[in-house]
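**Student:** Each chain, letter by letter, is given below.
There are 2 protein chains.
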Amino acid sequence: MPAPPTDNTVRIVPLGGLGEVGRNCNVLEYRGKLVVVDCGVLFPEESQPGVDLILPDIDYLKDRVKDIEAIVLTHGHEDHIGAVPYLLKLRPDIPVIGSQLTIAFIEAKLQEHRIRAHSHVVVEGDVEKVGPFEMEFIAVNHSIPDALAVFVRTAEGNILITGDFKMDQLPLDGRLTDLRAFAKAGEEGVDLFMCDSTNAEVPGFVRSESEIGPVIDDVFARATGKIVVASFSSHVHRVQQVLNAAARHGRKVAFVGRSMVRNMGLASELGYLEVPDGVLRDLGDMRDLPDNQRVYMSTGSQGEPMAVLARIANKSHPKISVGGGDTVLFASSLIPGNENSVYRLINGLMKLGAHVVHQGNAKVHVSGHAAQGELLYCYNILEPAYALPIHGEVRHQVANGGIAVKTGVPPENVILAENGSVIDMQDGEVSLVGSVPYHEIYVDGSSVGDITESELKDRRTLSEEGFIAIFAVVDQSEEQIITGPHIQARAMAEDQSVFDDILPEVTVALQEALEKGSDTYGMQQAMRRVVGRWASRKLRRSPMIIPTVVTV
Amino acid sequence: MPAPPTDNTVRIVPLGGLGEVGRNCNVLEYRGKLVVVDCGVLFPEESQPGVDLILPDIDYLKDRVKDIEAIVLTHGHEDHIGAVPYLLKLRPDIPVIGSQLTIAFIEAKLQEHRIRAHSHVVVEGDVEKVGPFEMEFIAVNHSIPDALAVFVRTAEGNILITGDFKMDQLPLDGRLTDLRAFAKAGEEGVDLFMCDSTNAEVPGFVRSESEIGPVIDDVFARATGKIVVASFSSHVHRVQQVLNAAARHGRKVAFVGRSMVRNMGLASELGYLEVPDGVLRDLGDMRDLPDNQRVYMSTGSQGEPMAVLARIANKSHPKISVGGGDTVLFASSLIPGNENSVYRLINGLMKLGAHVVHQGNAKVHVSGHAAQGELLYCYNILEPAYALPIHGEVRHQVANGGIAVKTGVPPENVILAENGSVIDMQDGEVSLVGSVPYHEIYVDGSSVGDITESELKDRRTLSEEGFIAIFAVVDQSEEQIITGPHIQARAMAEDQSVFDDILPEVTVALQEALEKGSDTYGMQQAMRRVVGRWASRKLRRSPMIIPTVVTV
Numbered sequence: 001m002p003a004p005p006t007d008n009t010v011r012i013v014p015l016g017g018l019g020e021v022g023r024n025c026n027v028l029e030y031r032g033k034l035v036v037v038d039c040g041v042l043f044p045e046e047s048q049p050g051v052d053l054i055l056p057d058i059d060y061l062k063d064r065v066k067d068i069e070a071i072v073l074t075h076g077h078e079d080h081i082g083a084v085p086y087l088l089k090l091r092p093d094i095p096v097i098g099s100q101l102t103i104a105f106i107e108a109k110l111q112e113h114r115i116r117a118h119s120h121v122v123v124e125g126d127v128e129k130v131g132p133f134e135m136e137f138i139a140v141n142h143s144i145p146d147a148l149a150v151f152v153r154t155a156e157g158n159i160l161i162t163g164d165f166k167m168d169q170l171p172l173d174g175r176l177t178d179l180r181a182f183a184k185a186g187e188e189g190v191d192l193f194m195c196d197s198t199n200a201e202v203p204g205f206v207r208s209e210s211e212i213g214p215v216i217d218d219v220f221a222r223a224t225g226k227i228v229v230a231s232f233s234s235h236v237h238r239v240q241q242v243l244n245a246a247a248r249h250g251r252k253v254a255f256v257g258r259s260m261v262r263n264m265g266l267a268s269e270l271g272y273l274e275v276p277d278g279v280l281r282d283l284g285d286m287r288d289l290p291d292n293q294r295v296y297m298s299t300g301s302q303g304e305p306m307a308v309l310a311r312i313a314n315k316s317h318p319k320i321s322v323g324g325g326d327t328v329l330f331a332s333s334l335i336p337g338n339e340n341s342v343y344r345l346i347n348g349l350m351k352l353g354a355h356v357v358h359q360g361n362a363k364v365h366v367s368g369h370a371a372q373g374e375l376l377y378c379y380n381i382l383e384p385a386y387a388l389p390i391h392g393e394v395r396h397q398v399a400n401g402g403i404a405v406k407t408g409v410p411p412e413n414v415i416l417a418e419n420g421s422v423i424d425m426q427d428g429e430v431s432l433v434g435s436v437p438y439h440e441i442y443v444d445g446s447s448v449g450d451i452t453e454s455e456l457k458d459r460r461t462l463s464e465e466g467f468i469a470i471f472a473v474v475d476q477s478e479e480q481i482i483t484g485p486h487i488q489a490r491a492m493a494e495d496q497s498v499f500d501d502i503l504p505e506v507t508v509a510l511q512e513a514l515e516k517g518s519d520t521y522g523m524q525q526a527m528r529r530v531v532g533r534w535a536s537r538k539l540r541r542s543p544m545i546i547p548t549v550v551t552v
Numbered sequence: 001m002p003a004p005p006t007d008n009t010v011r012i013v014p015l016g017g018l019g020e021v022g023r024n025c026n027v028l029e030y031r032g033k034l035v036v037v038d039c040g041v042l043f044p045e046e047s048q049p050g051v052d053l054i055l056p057d058i059d060y061l062k063d064r065v066k067d068i069e070a071i072v073l074t075h076g077h078e079d080h081i082g083a084v085p086y087l088l089k090l091r092p093d094i095p096v097i098g099s100q101l102t103i104a105f106i107e108a109k110l111q112e113h114r115i116r117a118h119s120h121v122v123v124e125g126d127v128e129k130v131g132p133f134e135m136e137f138i139a140v141n142h143s144i145p146d147a148l149a150v151f152v153r154t155a156e157g158n159i160l161i162t163g164d165f166k167m168d169q170l171p172l173d174g175r176l177t178d179l180r181a182f183a184k185a186g187e188e189g190v191d192l193f194m195c196d197s198t199n200a201e202v203p204g205f206v207r208s209e210s211e212i213g214p215v216i217d218d219v220f221a222r223a224t225g226k227i228v229v230a231s232f233s234s235h236v237h238r239v240q241q242v243l244n245a246a247a248r249h250g251r252k253v254a255f256v257g258r259s260m261v262r263n264m265g266l267a268s269e270l271g272y273l274e275v276p277d278g279v280l281r282d283l284g285d286m287r288d289l290p291d292n293q294r295v296y297m298s299t300g301s302q303g304e305p306m307a308v309l310a311r312i313a314n315k316s317h318p319k320i321s322v323g324g325g326d327t328v329l330f331a332s333s334l335i336p337g338n339e340n341s342v343y344r345l346i347n348g349l350m351k352l353g354a355h356v357v358h359q360g361n362a363k364v365h366v367s368g369h370a371a372q373g374e375l376l377y378c379y380n381i382l383e384p385a386y387a388l389p390i391h392g393e394v395r396h397q398v399a400n401g402g403i404a405v406k407t408g409v410p411p412e413n414v415i416l417a418e419n420g421s422v423i424d425m426q427d428g429e430v431s432l433v434g435s436v437p438y439h440e441i442y443v444d445g446s447s448v449g450d451i452t453e454s455e456l457k458d459r460r461t462l463s464e465e466g467f468i469a470i471f472a473v474v475d476q477s478e479e480q481i482i483t484g485p486h487i488q489a490r491a492m493a494e495d496q497s498v499f500d501d502i503l504p505e506v507t508v509a510l511q512e513a514l515e516k517g518s519d520t521y522g523m524q525q526a527m528r529r530v531v532g533r534w535a536s537r538k539l540r541r542s543p544m545i546i547p548t549v550v551t552v
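The listed protein sequences correspond, in order, to chains A and H.
For the first sequence, counting from 1, position 412 maps to 412 in the working numbering; every step adds exactly one.
For the second sequence, counting from 1, position 43 maps to 43 in the working numbering; every step adds exactly one.
Quick caveat, the hints were computed from the structure, so don't treat them as lab data.
Small disclaimer: the values here were computed from a predicted structure and weren't measured.
Some hints here could point you the wrong way.
Identical copies go unnamed one by one, so any copy, or any two together, can satisfy a pair.
Claimed, not checked - Straight-line distance between alpha carbons at most 20 Å, and here's what the computed SDA-like set of lysine to any residue pairs gives:
1. K89 with D67
2. K89 with R207
3. K33 with V508
4. K129 with S542
5. K457 with D52
6. K33 with S421
7. K538 with S446
8. K315 with V498
9. K62 with N347
10. K319 with Q169
11. K406 with D7
12. K89 with L110
13. K457 with Q524
14. K315 with L283
15. K457 with N340
16. K33 with I68
17. K184 with A139
18. K351 with E20
19. K351 with A417
20. K129 with R31
21. K457 with S47
Construct the complete structure from the given sequences, taking the supplied hints into account.
**Tutor:** If you want it as structure tokens, here you go:
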């Protein structure tokens with residue numbers, strides 16, 4: 001574990017977002033003060049059953065909370081703000097800095113956790129002193145409005161952190177990624193470039209959001225019945241295009257799904273979403289309209305089982321049904337990892353007779369992250385001395401580093417780091433100096449941080465192999481079994497009667513252990529051994545075995 | 001359930017492969033005789049824990065085995081032959097018909113199950129009488145050599161079943177999909193076209209296998225250290241291109257992985273794989289060669305945890321290690337659903353320092369299934385009266401039907417069926433007449449067909465919510481608790497001591513039930529109710545609860 005940084009060292013410790021897509025969180029430290037840039041969540045895979053969310057390792061900050069000057073949020077996506085409530089629980093008065101829409105989203109989230117944010121709204125062009133850091137905020141274009149990059153100035157060097165970004169040259173809101181500001185930063189000198197790696201493996205350029213409008217319009221023009229559109233509840237521009245198409249085709253729109261209603265409400269209050277006159281309806285009022293005037297703007301595009309779209313596919317949504325003649329439009333990306341649940345949903349909706357349009361059969365989505373074409377522009381205009389690819393899996397980080405090298409960054413100046421890596425900058429020189437212990441923090445129901453890797457391993461054993469519980473009551477002085485062994489097994493694909501086979505042997509093993517004077521642990525182990533060997537040989541399984549012996 | 005077919009009805013019952021990609025199996029019935037076309041397996045998803053394989057519902061054939069004239073196999077892929085052993089267990093002497101390579105693969109598989117096949121090799125152009133059916137075999141091009149389509153002639157009409165196919169016009173082995181034979185079938189009249197739907201959503205044409213050769217060659221030319229190539233163990237042409245590239249670059253090749261060694265052995269013995277002189281080495285002999293002369297041709301391209309590539313990434317393969325300077329080439333497709341395990345593998349190999357080439361960053365794979373471009377050619381040259389899209393999920397079947405309609409098949413003549421659908425053809429007219437009861441047959445370890453949906457639901461509950469086992473021994477006549485309640489819980493993210501809270505209440509409930517004169521079931525339910533309510537309220541969980549009360 002590296003020594004504490006000296007006063008002329010800026011230290012960067014990524015606590016999430018490296019080697020994965022999710023829970024972005026980068027901690028900057030300088031002269032004893034900390035700034036946390038982003039604090040998001042990661043969603044679990046199927047091999048992490050029962051886990052709701054995974055947090056960055058904020059335990060690293062547990063003993064330093066008083067030194068945190070601020071949390072700076074680049075934009076309002078869950079993988080950048082989702083873990084803020086858990087960090088604020090450590091110290092609720094940490095200032096939270098971000099753009100207007102970002103602060104609106106985090107305040108809504110914090111309200112649900114009954115925390116009042118000490119928030120501070122900034123705008124692109126603002127230069128703020130945040131502890132020992134000077135931070136200039138730069139507009140970037142992304143799949144949520146009001147996203148910012150941060151240019152951090154210190155005496156030891158300058159760092160440009162992109163947040164998430166792309167460079168749509170015809171953005172719907174006219175808010176470009178500010179390449180002139182990047183140019184000025186480049187002229188001033190960028191010692192370290194911390195850049196979004198998500199699309200670094202993708203050649204070419206990302207298509208413009210404005211190309212989707214005509215495609216949505218075409219879907220609306222051909223639709224004869226109801227239309228259900230699914231997208232992320234934070235994709236304001238996508239929803240804008242749906243509202244515009246609805247207005248053009250004489251249809252009304254209802255927002256469906258709690259987060260869609262809330263986020264679009266905030267966005268339109270604050271002027272990010274322009275609702276054409278008379279287009280919006282409450283969900284409950286839609287049934288007064290004929291099918292061909294209805295649009296449901298809904299959540300659930302990733303096939304989430306409890307969300308609106310899945311319930312429609314299951315015919316269990318109280319207010320919305322689809323069938324032949326209706327259209328479902330997935331105006332959304334398919335997040336890698338979600339393929340099974342998304343296609344299950346698409347197939348389910350088609351089975352109901354709906355016409356389903358999705359990125360597999362129409363150009364209805366564009367990414368929010370810069371591809372190789374855009375990244376080359378950035379590296380060339382910034383000419384960073386060092387590159388620290390962030391926000392991506394290893395393959396993305398590697399590809400991002402490759403682009404850096406192509407534009408002239410020396411290969412040894414590309415830092416391929418992990419969560420927990422410690423990167424120090426001194427007088428413009430950046431190096432990987434070591435790492436801090438790093439562990440996963442799982443959130444499951446009301447429990448935070450109690451689930452360990454070995455717990456998850458247990459869950460996988462249970463689900464794949466099942467369990468066998470064996471119970472007996474003995475009288476140690478009389479060396480007698482009072483009752484048992486009784487066997488209860490689950491998830492073993494077997495009739496309970498199959499265990500009758502092994503009962504005699506277990507009984508013998510228990511009796512022998514009793515007579516030998518074993519303690520309860522010894523007797524339990526005796527039963528475990530017999531059952532374990534039998535399960536392995538006879539059933540070809542390795543179930544979890546839970547033997548219990550109680551003495552009277 | 002539809003009535004048995006009359007003597008002038010040909011009945012088609014798909015038992016697998018519709019609404020999914022896997023376990024293809026179509027049963028044809030005519031005048032009391034059955035032919036089973038393909039009998040493959042489906043691989044489970046993560047939501048089916050502990051399941052190894054899923055079979056087509058061959059229970060449908062249980063009472064009709066004596067009427068099965070033959071099993072006809074279109075080609076040697078697992079999703080077409082994998083379930084044959086389970087079918088033959090019902091009647092081992094059912095004749096198995098297929099091409100030379102297909103029969104070689106199924107015989108090797110049956111040997112592992114200790115079954116001797118009654119096999120019959122056919123060649124494209126052969127016309128065979130199989131019971132009441134006349135079957136003509138037609139060459140098709142696919143991602144395994146020697147694949148066949150089947151043109152079935154009966155007095156009630158003709159059926160063309162494609163098997164899996166594409167139409168590479170420059171195939172490596174010169175064996176084209178025989179469009180002239182399709183033309184003749186079209187002239188004769190195709191009443192029902194049962195067509196591979198896998199790529200029906202994909203616009204355009206599939207690129208040629210021959211385009212991959214130069215890409216592989218380029219990878220080999222740039223590689224300075226060891227090369228590991230991963231692909232499917234049945235992709236003879238892909239392996240051929242690797243052997244050719246190795247020969248051109250002065251490298252030797254070892255086959256790694258049991259199925260790779262076996263399948264390539266069969267393929268080269270039978271002349272499907274041409275091994276350049278001196279290129280092959282045994283795995284054990286590779287260490288005598290310098291790194292830059294080695295190629296490992298291996299399995300595990302889908303990230304299978306126990307396969308070669310995953311073990312290399314884990315640094316647990318006894319004979320192969322990779323690091324900086326080495327190259328890993330995924331010359332394979334990424335089967336939808338496998339994204340997480342494949343990317344985990346790619347990231348893991350990159351972390352070791354290897355240069356990893358995969359379809360995300362190079363054109364190293366082409367599909368084995370016809371896309372929209374090829375399908376349009378087929379529908380136009382065959383002009384079928386009816387279309388029954390097979391081999392695909394609902395979205396693929398729907399897209400395939402859409403192509404049929406575009407070429408002139410009346411929409412009402414497109415049959416969108418499911419596994420278990422019953423389709424009858426009489427005098428050239430085809431219709432969906434009903435369905436038979438259909439259920440899943442899961443293979444888990446040595447158990448076949450014992451796992452039910454409710455069992456799988458239990459497994460998911462266990463893994464997501466954990467379980468609580470409660471045990472007590474009572475004396476009913478004395479209305480006394482002898483010992484207990486004792487609580488054992490697992491996978492609940494909780495310290496066992498948390499259950500001390502609820503023990504008093506459980507004890508009270510048990511005592512009351514005892515005094516009320518409840519039977520053991522009643523006492524168990526009393527304990528269950530208390531613990532269930534507490535778990536839900538206090539822990540916010542719904543674990544499996546297993547109460548046991550024993551009387552003495």
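**Student:** Give a verdict on every hint.
**Tutor:** Cross-check of the supplied hints:
1. K89 with D67: within (15 Å within a copy, 71 Å between copies)
2. K89 with R207: For K89 and R207, the Cα distance exceeds 20 Å both inside one copy (41 Å) and across copies (55 Å).
3. K33 with V508: neither (66 Å within a copy, 56 Å between copies)
4. K129 with S542: neither (59 Å within a copy, 49 Å between copies)
5. K457 with D52: both (16 Å within a copy, 19 Å between copies)
6. K33 with S421: This pair counts as within: shortest intra-copy Cα distance 18 Å, inter-copy 68 Å.
7. K538 with S446: Between. Shortest inter-copy distance 9 Å satisfies the 20 Å Cα cut-off; intra-copy 40 Å does not.
8. K315 with V498: neither (40 Å within a copy, 40 Å between copies)
9. K62 with N347: The answer is neither: 46 Å in one copy and 30 Å across copies each exceed 20 Å.
10. K319 with Q169: This pair counts as neither: shortest intra-copy Cα distance 40 Å, inter-copy 52 Å.
11. K406 with D7: The answer is neither: 34 Å in one copy and 72 Å across copies each exceed 20 Å.
12. K89 with L110: Cα proximity of K89 and L110: one copy only (10 Å, versus 61 Å across).
13. K457 with Q524: neither (22 Å within a copy, 30 Å between copies)
14. K315 with L283: within (17 Å within a copy, 56 Å between copies)
15. K457 with N340: between (23 Å within a copy, 18 Å between copies)
16. K33 with I68: Within one copy only: 6 Å inside a chain, 79 Å across chains, cut-off 20 Å.
17. K184 with A139: within (14 Å within a copy, 64 Å between copies)
18. K351 with E20: So K351 and E20 pass the 20 Å test across copies only (13 Å; inside, 35 Å).
19. K351 with A417: So K351 and A417 pass the 20 Å test across copies only (10 Å; inside, 46 Å).
20. K129 with R31: within (14 Å within a copy, 87 Å between copies)
21. K457 with S47: Intra 9 Å, inter 16 Å, cutoff 20 Å: intra and inter.
Figure legend: structure checked against the earlier numbered hints; hints not met, in rising order: 2, 3, 4, 8, 9, 10, 11 and 13.
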